[in-house]
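*Asks:* Next come the chains, spelled out residue by residue.
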Amino acid sequence: MARVYFWFGLLLLGVTGIADSRGWLGARPTPVRNVPQSIRDNPGAYRSIYQGSPRYFGGK
Amino acid sequence: MAERQGPVTRGFNCANCGAAVELRALQHTRTVVCTSCGAVLDPRDPTLAILQEAAARQRLTPTIPLGTRGTLHGHPYEVVGFQYRTIEVDGDTYGWNEYVLFNPYQGFRYLSEYEGHWNDIRTLQALPALSGSAGRLTATFNDTDYRIFQTATAVTRFVLGEFPWRVRVGDAVDVSDFVAPPNLLSRERTPQEATWALGEYLTGARIWETFSLPGSPPSAGGVFANQPSPFAGKPARYWRTFVVLALALAAVLLGRELTARREEVFTKAYTFEPRRAGETAFVTDPFTIGGSGNLEIGVETNVRNNWIYFDLALINVATGTALNVGKEVSYYSGTDSDGPWTEGSPTTRLLVPRVEAAEYYLRVEPEGTGAPVTYTLRLRRDVVSLLPYGVALVALIIAPVVVTLRAAAFEKARWKESDWAPQGGDDDAGEGGDS
Chain H
1 MARVYFWFGL
11 LLLGVTGIAD
21 SRGWLGARPT
31 PVRNVPQSIR
41 DNPGAYRSIY
51 QGSPRYFGGK
Chain C
1 MAERQGPVTR
11 GFNCANCGAA
21 VELRALQHTR
31 TVVCTSCGAV
41 LDPRDPTLAI
51 LQEAAARQRL
61 TPTIPLGTRG
71 TLHGHPYEVV
81 GFQYRTIEVD
91 GDTYGWNEYV
101 LFNPYQGFRY
111 LSEYEGHWND
121 IRTLQALPAL
131 SGSAGRLTAT
141 FNDTDYRIFQ
151 TATAVTRFVL
161 GEFPWRVRVG
171 DAVDVSDFVA
181 PPNLLSRERT
191 PQEATWALGE
201 YLTGARIWET
211 FSLPGSPPSA
221 GGVFANQPSP
231 FAGKPARYWR
241 TFVVLALALA
251 AVLLGRELTA
261 RREEVFTKAY
271 TFEPRRAGET
281 AFVTDPFTIG
291 GSGNLEIGVE
301 TNVRNNWIYF
311 DLALINVATG
321 TALNVGKEVS
331 YYSGTDSDGP
341 WTEGSPTTRL
351 LVPRVEAAEY
361 YLRVEPEGTG
371 APVTYTLRLR
381 RDVVSLLPYG
391 VALVALIIAP
401 VVVTLRAAAF
411 EKARWKESDW
421 APQGGDDDAG
431 EGGDS
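For the record, the sequence lines run as chains H and C. Be aware that the first sequence starts at 1, since it is given in the numbering used here, and climbs by one per residue. Be aware that the second sequence starts at 1, since it is given in the numbering used here, and climbs by one per residue.
Think of the hints as simulated: they come from the structure by calculation, not from any bench. It should be emphasised that the depicted structure is a prediction, and the values quoted were computed from it without experimental measurement. Keep in mind that the hints are not guaranteed to be accurate.
Stretch by stretch, here's where chain C covers chain H in the computed footprint (C-beta under 8 Å, at least three residues) [said to hold, decoys possible]:
| id | segment |
| --- | --- |
| 1 | 2-13 |
| 2 | 31-37 |
Computed beta-carbon distance windows for the label pairs [to be verified]:
| id | chain 1 | residue 1 | chain 2 | residue 2 | range |
| --- | --- | --- | --- | --- | --- |
| 3 | C | Thr335 | H | Arg3 | 54 to 64 Å |
| 4 | H | Arg33 | C | Glu279 | 16 to 26 Å |
| 5 | C | Thr267 | H | Val15 | 31 to 41 Å |
| 6 | H | Val15 | C | Thr86 | 55 to 65 Å |
| 7 | H | Val15 | C | Thr342 | 30 to 40 Å |
| 8 | C | Thr61 | H | Arg3 | 21 to 31 Å |
Ideal Cβ placement from N, Cα and C applies to all residues, glycine included.
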């Protein structure tokens with residue numbers, strides 16, 4: 001089983017290197033399609049899903 | 001002790017029940033127990049005196065019938081004797097079977113059987129060296145250290161067949177077992193003498209095969225004192241492999257650090273005035289991302305004791321597809337009774353994975369309160385992300401951790417039956433010791 005572990009590890013290393021170089025890993029935001037072309041002239045016409053999310057009003 | 005020399009018989013009739021009793025070990029036999037009635041007889045006594053009647057006529061059936069032959073270590077042996085012995089530990093009685101095997105040229109050897117665990121045992125002519133302190137003895141034999149496992153008084157409860165010593169029901173000896181799996185050293189002491197024996201763990205399947213026993217062996221229960229661990233040596237192997245793989249992972253990361261382009265595709269500074277009325281959202285000039293991969297959006301601000309939130313949309317000029325992300329930047333500092341403190345950071349970065357090569361622009365919508373904030377948006381493609389390497393490292397460490405835990409659990413199960421059970425085990429820890 002240690003041999004299986006070794007080969008699994010090597011496979012994991014390869015996948016990790018490729019995934020990082022190609023930017024595969026990480027949570028990719030869901031693409032929003034059909035953003036109105038007018039956004040360039042009127043940026044306020046588009047609101048992302050993050051609008052209105054909670055804020056931290058921190059400080060010690 | 002000088003043995004009384006007398007006539008030796010090859011067989012006789014039991015003086016107790018009259019059944020025929022056959023001697024297999026001939027002149028080596030000191031005691032024979034009638035297989036019919038269980039009476040213990042001295043075959044050298046011309047009158048076949050009954051040494052002892054079997055206690056309450058209790059009968060046990062040996063798993064390996066007397067007279068069965070099998071080959072051990074390349075020599076044929078015949079099962080000539082059987083006894084059942086018990087020890088008492090903390091009020092609980094534990095019993096096991098012992099078989100006497102005989103080969104006219106090789107002499108005697110023994111098999112012990114406890115809940116499906118078997119040991120091939122031979123008496124030693126050499127004396128193991130004892131060392132240790134505070135009762136935690138170690139016996140050294142053939143350059144192998146054996147740790148004390150248990151000391152108890154073993155009492156013979158039932159005997160059958162032939163034995164190379166004078167055996168009788170009720171015989172009691174102090175037994176100390178020392179283990180170095182798969183071997184076990186056993187010392188049996190009486191006020192007159194001490195005998196050492198070396199046992200090697202055998203599986204029931206091996207015994208069944210050796211003696212061509214019908215059916216299949218019963219499954220072994222629990223972990224026996226000298227049962228070889230299926231994980232022996234594995235944790236060290238797995239951890240060594242893990243170190244090799246972790247170093248290889250570090251090499252891959254280093255390679256990425258050296259080859260990552262970190263190509264800056266957009267940089268621009270802005271000022272956000274929270275108190276100014278009107279729309280705060282704006283779009284940047286278009287910029288080109290020359291290759292697919294991840295995209296780092298770095299935000300550097302001069303925020304202090306304040307916060308600013310960025311609502312960002314990376315919009316593909318050609319397709320109109322947006323990737324929405326958000327990030328807060330907050331930085332606070334001050335001084336209190338504990339001294340100076342800071343919290344947060346005036347800079348941040350976020351990574352957008354799998355961004356295709358194309359022309360994009362950013363829609364930026366800052367939110368905040370208080371004083372104006374100056375900030376710089378810096379976008380770079382093909383940067384190194386530590387996340388996949390961290391995930392890989394965690395995935396790699398799982399196997400050695402699991403193997404180590406399982407090996408430890410096996411050893412814990414082994415030692416919980418000893419006089420030296422681990423703290424929190426079923427038995428009292430460290431209350432035993434060599435007598």
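*Asks:* Mind listing which of the numbered hints don't hold for this structure, in increasing order?
*Replies:* Number 8 - this is the single hint that the structure violates.
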